[in-house]
Amino acid sequence: MASSFRIRPAVAADGSFLGDMVVEAANWRQGGARPRHEILGGDDHRRYVAGWMRPGDAGFVAEDATGGPVGAAWYRMLPRTDPGFGYVGTGVPELIIGVRPVWRAHGVGRALLQSLCERARSDGFARLSLSVERGNFAATLYRSEGFAVVRSGVGRDTMVKRLR
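In this note's numbering, the protein residues as written are 2 to 165.
All the given hints hold, so there is nothing to weed out.
Here are the simulated distance ranges between beta carbons: (1) 80 <-> 152: 14 to 22 Å; (2) 155 <-> 69: 31 to 39 Å; (3) 66 <-> 119: 19 to 27 Å; (4) 153 <-> 67: 35 to 43 Å; (5) 106 <-> 135: 13 to 21 Å.
Derived from the structure by calculation, the hints contain no laboratory data.
The beta-carbon is built from N, C-alpha and C at its ideal position, and this holds for glycine as well.
Working from the sequences, and respecting the hints, build out all of it.
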């Protein structure tokens with residue numbers, strides 16, 4: 002596999018692929034794959050892609066050398082009445098990221114995360130949040146990019162990065 006990829010802004014037509022990336026993110030454990038319909042069939046994960054691209058949504062897609070999507074990172078503003086796993090407050094978008102397994106550890110996640118943080122900063126946000134399950138190797142990436150744990154829950158941590 003060539004490790005060259007490019008990052009482009011996500012568009013409305015990327016909604017289905019973002020759903021794929023929610024499934025990748027939810028299935029991060031080896032051997033613990035749940036089917037797409039099970040993951041996206043419940044509100045817990047569907048909220049991250051339903052109605053993509055609505056006002057306030059922003060994201061990026063990583064593509065391989067042939068233009069095939071290999072990963073994505075995006076954020077959404079979720080209301081206090083229907084919060085996501087990483088909700089920390091009104092006005093703080095929640096980040097979602099997923100990378101196809103064969104592309105992990107090739108810099109795709111870091112490039113997506115950096116692009117999204119820069120976008121959030123340029124959009125005027127002071128913070129960006131996310132949720133990560135304990136034991137997920139992605140937590141190391143998040144910490145190295147300036148995210149810090151602000152709340153610990155059952156089996157997962159909420160992390161926040163200050164953007165300014």
